[in-house]
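Residue numbers (my numbering), protein chains in the order written: chain S, 1 to 616; chain H, 1 to 616.
Do not take every clue at face value.
When chains are identical, the list treats them as one kind, so a pair holds in a single copy or across two.
As the list claims (entries may be wrong) - Restricting the straight-line Cα-Cα distance to at most 25 angstroms, the calculated cross-link-like pairs of lysine-lysine (DSS-like) are:
(1) K277 - K12
(2) K224 - K341
(3) K508 - K346
(4) K346 - K224
FYI, nobody ran anything at the bench for these hints, they're computed from the structure.
Number of protein chains: 2
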Amino acid sequence: MAAVSFYKSDLKEMEFTLFEQFRLAELFAAPPYDQFSEEDARMILKEAHHFAQEVIGPTMGETDRQGCELTPEGVKVPQAIHDLWRRFYENGWNALELSESAGGQGAPRLLGVAVTEMMSGANTAFHMYLGLSLAAAAVLRAFGTPDQRELYAGKMEDGTWGGTMVLTEPQAGSDVGLSLTKATPNGNGSYLISGSKIFISGGDHDLTENIVHLVLARIEGAPKGTRGLSLFLIPKIRVNADGSLGESNDVTCTHIEHKLGIHASATAALTFGENGKCVGYLLGGEPTRGGTPGEGMRKMFVMMNGVRIGVAVQSLGVASTAYLNALAYARTRLQGAHMTKGRGEKGAVPIIEHSDVRRMLMEMKAIVEGCRALIFHAVRLHDRARMLAEGEERAALEDDFDLYIPLAKAHVSDMAVNVASTALQVYGGAGYTGDYPAEQYLRDSRIFPIYEGTNGIQAMDLVGRKLSQNQGAAVGRFGKELQQLVKTLGGRAGYESEAATLAAAGDKFNAVLEQFLEQSLKGGMEQVALSATPFLHAMAQIAIARLLLEGALIAEDALAKVDEGSQDGQFYRGKIAAARYYARNILPPALSSLDVVLAGDTSALDIPEGGFSLAY
Amino acid sequence: MAAVSFYKSDLKEMEFTLFEQFRLAELFAAPPYDQFSEEDARMILKEAHHFAQEVIGPTMGETDRQGCELTPEGVKVPQAIHDLWRRFYENGWNALELSESAGGQGAPRLLGVAVTEMMSGANTAFHMYLGLSLAAAAVLRAFGTPDQRELYAGKMEDGTWGGTMVLTEPQAGSDVGLSLTKATPNGNGSYLISGSKIFISGGDHDLTENIVHLVLARIEGAPKGTRGLSLFLIPKIRVNADGSLGESNDVTCTHIEHKLGIHASATAALTFGENGKCVGYLLGGEPTRGGTPGEGMRKMFVMMNGVRIGVAVQSLGVASTAYLNALAYARTRLQGAHMTKGRGEKGAVPIIEHSDVRRMLMEMKAIVEGCRALIFHAVRLHDRARMLAEGEERAALEDDFDLYIPLAKAHVSDMAVNVASTALQVYGGAGYTGDYPAEQYLRDSRIFPIYEGTNGIQAMDLVGRKLSQNQGAAVGRFGKELQQLVKTLGGRAGYESEAATLAAAGDKFNAVLEQFLEQSLKGGMEQVALSATPFLHAMAQIAIARLLLEGALIAEDALAKVDEGSQDGQFYRGKIAAARYYARNILPPALSSLDVVLAGDTSALDIPEGGFSLAY
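Kindly produce the complete structure, drawing on both the sequences and the hints.
In structure tokens:
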């Protein structure tokens with residue numbers, strides 16, 4: 001029996017956001033993206049949509065139930081993941097964002113994230129294997145020596161080999177600087193690696209003959225902390241100079257985690273050099289040949305930034321399909337009477353007719369579409385930067401993109417969990433069972449706020465680093481763009497309340513920035529840190545309100561040209577309704593949480609430790 | 001190897017709330033509770049704490065992994081559940097709340113919920129079997145004929161037999177009135193039952209030889225809808241007049257659900273009368289002998305009200321142990337440097353030293369203790385009512401209790417999911433694995449907002465029924481009690497901001513009540529319903545802020561008598577900090593959501609259906 005695909009995506013909404021709001025076609029006007037046309041992009045989206053819905057989607061439940069197994073020969077992943085892996089590379093999806101110089105199509109990331117939203121949303125666990133492999137390959141392209149690129153990168157890009165990022169140790173989670181994994185020079189340019197690492201997504205599997213690990217380790221004598229860490233390339237199987245596989249490289253998978261979700265993604269514990277035979281290579285080669293040891297974290301962060309946006313996209317993918325599944329259920333499940341119109345001829349109305357269900361659907365729609373706008377807006381900054389030569393304008397776009405990374409990672413991942421939970425609620429008891437995908441969406445999504453830097457770390461990255469980068473230039477532009485929209489809305493009948501709330505948002509936002517600055521100058525970083533998470537979410541919600549309202553104005557213009565009751569008319573009215581709902585229902589509590597920050601309550605810092613509880 | 005108990009409870013905090021804040025001993029001053037003393041109660045709590053922590057706790061993870069199995073002989077539950085079942089009844093815990101006339105101890109429910117919080121929190125799935133059995137027995141006591149009570153109730157109360165409540169059918173979930181299960185008079189006082197029911201917790205199991213089902217069914221010719229439903233007593237095995245077991249009663253378990261959580265609790269689908277041989281008895285006997293058919297829902301609601309408070313207590317139990325486990329982890333897990341004090345001598349500080357972790361802990365503590373206060377306050381109203389003769393004062397207390405039922409069920413259950421999720425986040429990646437209990441708490445808790453009336457149904461019960469009961473007398477008292485506290489706080493130095501926020505809360509709350517009334521009079525019930533859920537949570541949060549602040553004032557007085565740094569001193573400072581945190585951090589966004597209700601946005605009602613998405 002063929003499995004059912006629960007995967008749902010809304011191509012119409014994605015196309016609106018890509019083409020009408022974020023004008024993807026403008027990116028095709030100049031290098032490096034001028035080999036694409038709008039027509040190409042629409043066709044790619046359609047094919048990705050088909051692949052996600054028809055090919056990947058049916059595997060989600062089954063591969064989750066099967067999970068991964070650690071055998072004496074290593075980790076076995078479900079057969080369906082093997083099939084998908086093969087078809088993904090056969091169909092050339094790996095080439096989409098790969099640069100033309102590496103044999104790829106070099107698509108803008110704005111197009112890439114739209115494709116990834118669908119593929120990842122259809123089976124998150126499956127997509128992690130290839131997403132992380134391609135991300136690792138990109139780091140190798142960026143920092144590897146010509147030899148390393150030649151020997152490893154191509155095979156990691158075409159699916160012959162897998163790739164991973166390896167940071168965490170049992171005693172070194174968010175605090176990577178505590179890592180103990182050691183690298184001892186062999187004297188021939190290579191290093192002997194020894195140490196144990198955990199929580200490595202795709203750390204072992206049987207999808208490929210070899211896996212290339214990018215591993216943070218400390219060269220003997222290097223300083224403590226993160227600045228003493230170097231990034232090593234460590235293949236699972238050694239690779240001969242001609243690219244053929246040699247002997248095993250003494251990398252052992254000792255354990256895979258039993259997790260709440262993403263069961264089909266193997267989360268491995270690896271021991272490097274159990275028998276003293278694990279050879280690693282400094283990424284970028286030996287110090288004397290141009291590489292720089294001790295810059296491991298910097299290199300890892302190039303990967304990490306991409307992966308953090310990747311988590312935001314995963315989150316969006318799950319949130320969107322969770323919403324659309326709940327919507328489909330609400331349209332067909334008959335229960336109860338409409339409040340004023342009665343039961344109708346079927347004896348009960350579809351539950352979408354009930355106010356409270358509509359509220360949940362509207363909340364999910366506004367959040368999902370808002371998160372999509374947030375991510376698309378952010379990666380468009382990245383793409384626009386890549387269209388420019390080095391210089392001030394490009395640097396500003398890069399800074400703006402950097403500012404959005406923690407917002408996107410932390411806010412969208414938290415929202416994915418919320419939306420998945422709300423979607424489950426729409427089903428009632430049925431949602432708690434394995435008969436519907438809602439429970440898996442909740443389980444799968446719950447890792448997003450944790451991995452690739454917990455959301456608390458993202459919040460500290462935002463308030464401790466990103467806000468003050470270049471004397472706060474990026475956050476200054478953020479505020480100005482908000483003011484600009486307030487002005488535009490002020491001249492638009494029917495948006496008075498939205499303009500007023502956004503104006504208040506700008507004022508409170510600036511007041512918090514000032515307070516943070518004052519607190520920092522007075523050594524009150526603990527207080528700033530206490531407000532970091534609420535501030536991050538409020539800032540993301542302000543950004544989203546702005547982007548949804550900008551989308552609503554575009555939709556208003558488009559609506560004027562079509563019949564209100566037509567398909568297009570309903571669509572545009574939906575965009576307008578979502579923006580209004582967000583500005584009128586979600587933004588005000590966000591502003592209230594800025595008021596809370598401004599009030600500066602420190603109970604959580606002042607409480608004596610025993611006050612949390614005397615029970616130990 | 002003996003399994004570890006992850007269960008944690010805070011007896012000190014429970015005793016403060018029970019004895020210092022809610023003056024449990026006052027209830028022991030008069031019948032029906034005057035057989036108890038404070039000393040008894042403290043001993044019972046201590047024993048319950050021990051039983052939960054040492055006996056029940058170690059079974060939680062194991063019974064979850066084993067789950068239930070449907071075999072040709074019926075449902076098998078894990079062996080550990082059998083052992084617990086036996087020990088629970090052997091130790092006489094079933095007698096605690098049972099009336100003295102039924103051979104029980106007749107404890108006030110305020111003591112009962114404290115005991116249940118611990119027992120249920122230690123293994124939710126286990127506790128459901130006995131909790132529902134005892135609740136079903138109570139309905140039988142209330143509405144059964146003397147014969148029915150004689151034959152069934154005692155055995156359901158002493159654990160010889162199980163009991164269930166059976167409402168849901170595939171096409172009749174929240175809309176119970178759509179039930180199709182039929183009852184045909186046999187002419188001898190019994191009925192032939194035929195129909196299929198789903199989602200029956202403990203609907204089949206091998207803990208007891210017999211299970212007594214209380215089933216909603218429609219007598220042939222009875223009207224459509226809920227008013228046509230009668231409540232039937234249907235044993236799994238027929239019971240002879242002498243109490244011995246007879247032949248099978250044609251009740252078949254056809255399926256058990258594969259669920260997100262509470263795996264050790266069998267959720268059964270039952271078919272009644274597959275072979276035309278299922279006999280049921282009208283609860284309370286034949287109409288001609290005093291019973292009233294068509295009052296099934298009213299009788300079921302007596303059980304339902306108790307069970308809804310039960311869900312609140314389950315929710316509290318999970319939330320509390322989730323918080324305390326996260327707290328214990330945060331106290332021992334070493335990661336990172338303190339913002340101003342550095343890394344300390346261990347090279348890293350316990351993560352409780354980090355502001356963002358402290359924020360999460362404080363949030364959980366304030367919510368957990370607030371939810372405990374909400375439930376204890378509510379059931380104390382019930383107990384006080386039982387101490388009075390019929391009359392106005394008693395009726396008022398009963399109405400007040402009724403008002404709190406939807407608040408407690410919906411708010412505490414939603415908070416349990418939130419707290420479980422926050423607790424998981426404190427662990428980082430470890431929380432996502434089965435090595436810690438956080439992921440199970442999240443899975444188990446996610447059913448609480450759904451069963452025994454979804455939280456959307458609770459919100460409609462609140463705004464559509466409870467607010468207007470007796471011309472709004474209960475909600476009027478709610479408002480007055482709030483004003484009283486505002487006045488008290490006004491005279492207390494250091495609580496100016498709390499007093500101001502509470503005063504604003506009272507004003508906004510009253511404004512919303514007026515708006516609801518106006519909208520209802522104008523036929524705008526759809527709009528009232530749209531605001532029902534946000535209003536419910538805001539009202540619960542206002543109630544909690546009030547109760548926590550009242551607790552803080554008690555703690556202030558107690559603190560004045562002890563050394564601030566002593567254990568007691570730290571405890572009281574913790575109570576004060578939690579109340580302040582709640583009033584300053586959680587209450588303001590709740591008020592903002594009342595502002596949102598007052599602003600009356602109707603985007604969610606106005607959006608055309610296609611506007612939710614054109615993807616079907």
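Report task. Please name the hints from earlier in the document that this structure breaks, with their numbers sorted from lowest to highest. Result -> 1 and 3
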